[in-house]
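A.B. asks: Single-letter residue listing:
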Amino acid sequence: MANPNGIGAPVRRREDARFLTGRGTYTDDINRPGQTHAVFVRSPYAHATIRGIDAAEAMQAPGVIAVLTGADMAADKVGSLPCGWQIHSKDGSPMKEPPHFPIARDRARYVGDAVAVVIAETREQAKDAAELVMVDYEELPAAVTSLKALEGGAPQVHDDVGGNLCFDWHLGDAAAVDAAFAQAAHVAKLDLINQRLVPKAMEPRAALGEYDRATGEHTLTTTSQNPHVIRLLMGAFVLGIPEHKLRVVAPDVGGGFGSKIFHYGEEAVVTWAAKKVGRPVKWTAERSESFLTDAHGRDHVSHAELALDKDGNFLALRVATVANMGAYLSTFAPSIPTYLYATLLAGQYKTPAIYAEVKAVFTNTVPVDAYRGAGRPEACYLIERLVEVAAAETGIDKAELRRRNFVPAAAMPYQTPVALQYDTGDFAKNLDIALPLVDYDGFAARKADSVRRGKLRGIGFATYIEACGIAPSNIAGALGARAGLYESAEVRFHPTGSVTVFTGSHSHGQGHETTFAQLVSERFGVPIENVEIVHGDTSKIPFGMGTYGSRSLAVGGSAIVKAMDKVERKAKKIAAHMLEAAEADIEAKDGRFVVAGTDKSLTIGDIALQAYVPHNFPLDELEPGLDEQAFYDPKNFTYPNGCHVCEVEIDPDTGVVQVVNFAAVDDFGRVINPLIVEGQVHGGLVQGIGQALLENCVYDPESGQLLTGSYMDYCMPRADDVPSFTVRYHEDQPCTHNPLGVKGCGEAGTIGASAAVMNAVVHALSEYGITHLDMPATPERVWQAIRHHTPAQAAE
Amino acid sequence: MYAFTYHRPKTVADATALLGQFEDPKLLGGGQTLLPTLKQRLARPSDLIDLGQIPELQGIGEEAGGLTVGAFTRHAQVAHSDTVQRVIPALASLAEGIGDRQVRNMGTLGGSICNADPSADYPAAVVALKATVRTDRREIAGDDFFTGMFETALEPGEIVTAVHFQKPDKAAYAKFRNPASRYAIVGVFVAVFGSEVRVAVTGAGPSVFRADDMEAALAQDFRADALNGASVSADGLNADIHASAEYRAHLVRVMARRAVEACG
Ligand SMILES: Cc1cc2nc3c(=O)[nH]c(=O)nc-3n(C[C@H](O)[C@H](O)[C@H](O)COP(=O)(O)OP(=O)(O)OC[C@H]3O[C@@H](n4cnc5c(N)ncnc54)[C@H](O)[C@@H]3O)c2cc1C
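In the order they appear, the protein sequences are chains A and B. For what it's worth, UniProt numbering labels the leading residue of the first sequence as 1, then goes sequentially. For what it's worth, UniProt numbering labels the leading residue of the second sequence as 1, then goes sequentially.
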């Protein structure tokens, strides 16, 4: 009988009981004796010189222990927050990397930039005193939007970054692209904006710093997706604390979506201040602080052109993108609009020549970095919108145009012109599954029905591919990563046969405690209840890189498999010894270790017990214990792909877009837990639909004030904004280079959905001659577009 | 939030007495507007006087053919009241469309109209249903109650005790929600009393207003199409990142049409 909790089983999340009943332990739930509270004084200006800070009155306020500033940090030689990825411009020069201090020193560069921190007995006292810190600002003109920041004479965000240009990078073969365009029968062109988004994890960021005077050990408890990365960056670059004296714990974390990958200044401040004041220091963001200070996502302005021959074959793609970096470089910011974006511009198509140019720009806004999908939604949106424009212009059916240009399954592995090598994928198959799911052929009838009710109707596709399982360290290193991107695991059998798995991945909503346990249960036949997954504490787990880029299972899970391989090898040795057989004759099957051709066998539990009670082990050949560690460095990225189809109905009187149907067909390789996968897809789709229709981070273009600083103005998608999804996957195209055959599913929904929705919206509006609309397609935007176009009814 | 002293009087008279006693007191209704304001430290009252335990401010009853709703009646109570659903169903459905469930379970009629948010829903009902606002000292005609953006005819320390709504022959409220906050970007309440038609518009302007042209057109011919010639000027309407003034002006007509259609 199949293991009910093994690979492929829809096991309910084991962590849900804890999370759904309020029993989780999040950073802010942790309180230490003698704990103090930090509240930051933040710049109310987008750009201002800090002429002086007078904390005298604040120091006198009740409960205040310290008021610390950038100058205090400088005096203690606290460093700048490092950037983890280096990009080189076209001319070979390295990107501009201005310092990014945890507390600003002489200039504040965005609304919310930390200027001082107040530490007091209670949070309220710290807040009261923060209002008494007198900062003498001299307001400066601000560079707010990326295009304005690039204009001559724009305010300079950093004095030594001329023209606010961080880098001017390119990828691909410009000459080949030019040659192909010269031959083109048709060129489709599009200008588009991928708007800025605010990430919105349910749990706001928080950090708790502690210092043990007796041992000299620092502990930082923080809302992080990757505690070891924080330990490395903060310890080595910012605070100069050796790693054996710095413990970083990321306990239960209530969602991240990328925004908790990065090393933030607040983490360094509480760690540093805890030693300074001799007591634990806690900071928890308020929601409005999260809006102002969590790294934002997206914010691209692009021009794209696609050359086609007379039969609709894609000949070449040319893309120019301006990416907003915000005021400073966040940890992985430079990699997002480059190697996680331009490398995906081939999409699912065999376009032979591609050339992309990306200018990264500093502005007086909060830093921009990875946000669910990170570069890949931007790439997918651009290609898929452009393909739809090409379909409309050439009159070729949009499904057919895609099919004609897909990289065929038989061509795998396929080397794209933009650096990646896809291992597997059957894009036509995804489309074949999707079309009947949405009754593509019945669209005309549904549309007629909408028209009868005075509504518009459209259907749109997005066929996406993403690079996940980040990343082969050698490739990442060659592309500028300043870190390796492997993952670690330790599988520890206990004497009674239960198992603790230590993983370098981090779960902040993804259900690792379930999925990873399924791997162990499947492999060794251990009941899932007997498997514990430990993550998030640098004092417990081996050095790990954490969770982002849909990498946990593909990289972290593979590391667990490697560790299990080692456990199995060791267990075979022990079994051979116990059963008095040759090691080569031991077969591991469904959790039993059998002497081939006999009925002699042992369970892993029997073996574990012997491993720790090695009364007669041949010690020169066999060590006691059953506890193995592995590091897995992927050989390639993984390439989840799929076909998303969206159908919308639009009320032309109000401009309201309603998503009436959405189907997602995905190829995630092998699926370990279909329930969790489906949940990840649903969440991703909602985020993608949110970007398409609702979410928009707006800064006042002159003052740089954040206009969408709360949920009253920043529109989160809610359950009633989305339809019931039809989600399918197939497992015919497993990843060829990792042991589980898995590809990753965490970001897929977000990557495909926005393009599918916008393609449907534009399709619905096409009868007005509308060929493009920027996201979000808010009611007013749609209404205005309709108003400024006349229906092409005569032509119909 | 700054520190304040909290009071919970049992009668309106006690509440009034408390109001007179302190330097900067503030009445607390359902707290859905006031508490976020306090949390963001945008207000600093010395004392909060919670109206939640005063029986006189509660309850929904029929009176003179219409409805009297106590000031401390929560939105959810209005929405789910059999009496309201029977006498003025449009009022129940308006309450059901306010904010989200949490807001409806806490927010009150009195708090909503005293706050006079330009995008609140109730002001449209107060004006369209020829309501009378009762306070601890007088009665104020609904038409005179809202005087501007976040401004009312209330005097300092005046407590709203109830609102009396007249029963229309037919009425309906059509709302275009702000997708983020779910307040009204535009809300139009249409009510018919004999030959009189009232069209009260909230969300669009600084304060609720009556659309005279539309009222006149509908009084002539109570059909949605009668509104084709009537319009509201965009001049002076609200504009924000969600909706321009011209879009709001357009939505007033669309919502008015829908309200007329919903009147049946
Ligand atoms: C997320 C969200 C969404 C919302 N959406 C909507 C919406 O769609 N439509 C809508 O109309 N509203 C909406 N609201 C507002 C909501 O209806 C509030 O209930 C209302 O604004 C205030 O009512 P309250 O009872 O909570 O009053 P409070 O917040 O307690 O008080 C508001 C003001 O009224 C004063 N006050 C309260 N009661 C009295 C009284 N009896 N006499 C004199 N003064 C008094 C208070 O002193 C205070 O100044 C929303 C609010 C939130 C938070």
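None of these hints come from the bench; they were simulated from the model. Take the hints with a grain of salt, since some may be wrong.
Here are the computed lysine-lysine pairs in the DSSO-like style, where the Cα-Cα straight-line distance is at most 27 Å [unchecked claim]:
| id | chain 1 | residue 1 | chain 2 | residue 2 |
| --- | --- | --- | --- | --- |
| 1 | B | Lys26 | A | Lys127 |
| 2 | B | Lys26 | A | Lys200 |
| 3 | B | Lys130 | A | Lys127 |
On the chain B side, residues computed to face chain A include the following (Cβ under 7 Å) [said to hold, decoys possible]:
| id | residue |
| --- | --- |
| 4 | Ala180 |
| 5 | Ser181 |
| 6 | Ala245 |
We put the CB at the ideal spot given by N, CA and C, even for glycine.
A.B. asks: Hint validation: serine 181(B) versus chain A, beta carbon distance must be below 7 Å. Holds or violated?
C.D. replies: Holds, about 4 Å.
A.B. asks: Keeping to a limit of 27 Å between CA atoms, is the pair of lysine 26(B) and lysine 200(A) held or broken?
C.D. replies: Roughly 33 Å separates the two Cα atoms, so the pair is violated.
A.B. asks: A closest beta-carbon separation below 7 Å is what the hint needs, so does alanine 245(B) meet it against chain A?
C.D. replies: For alanine 245(B), the interface hint is violated, since the closest Cβ of chain A sits about 11 Å away, which is over 7 Å.
A.B. asks: For the pair supplied as a hint, lysine 130(B) and lysine 127(A), confirm whether the alpha-carbon distance does not exceed 27 Å.
C.D. replies: Since the Cα atoms of lysine 130(B) and lysine 127(A) sit roughly 46 Å apart, the hinted pair is violated (cutoff 27 Å).
A.B. asks: Checking one constraint from the list: CA of lysine 26(B) to CA of lysine 127(A), max 27 Å. Satisfied?
C.D. replies: holds (22 Å)
A.B. asks: Given alanine 180(B) as an interface hint, is the shortest Cβ-Cβ distance to chain A below 7 Å?
C.D. replies: Holds, about 4 Å.
Hint violations for this structure: numbers 2, 3 and 6, all remaining hints satisfied.
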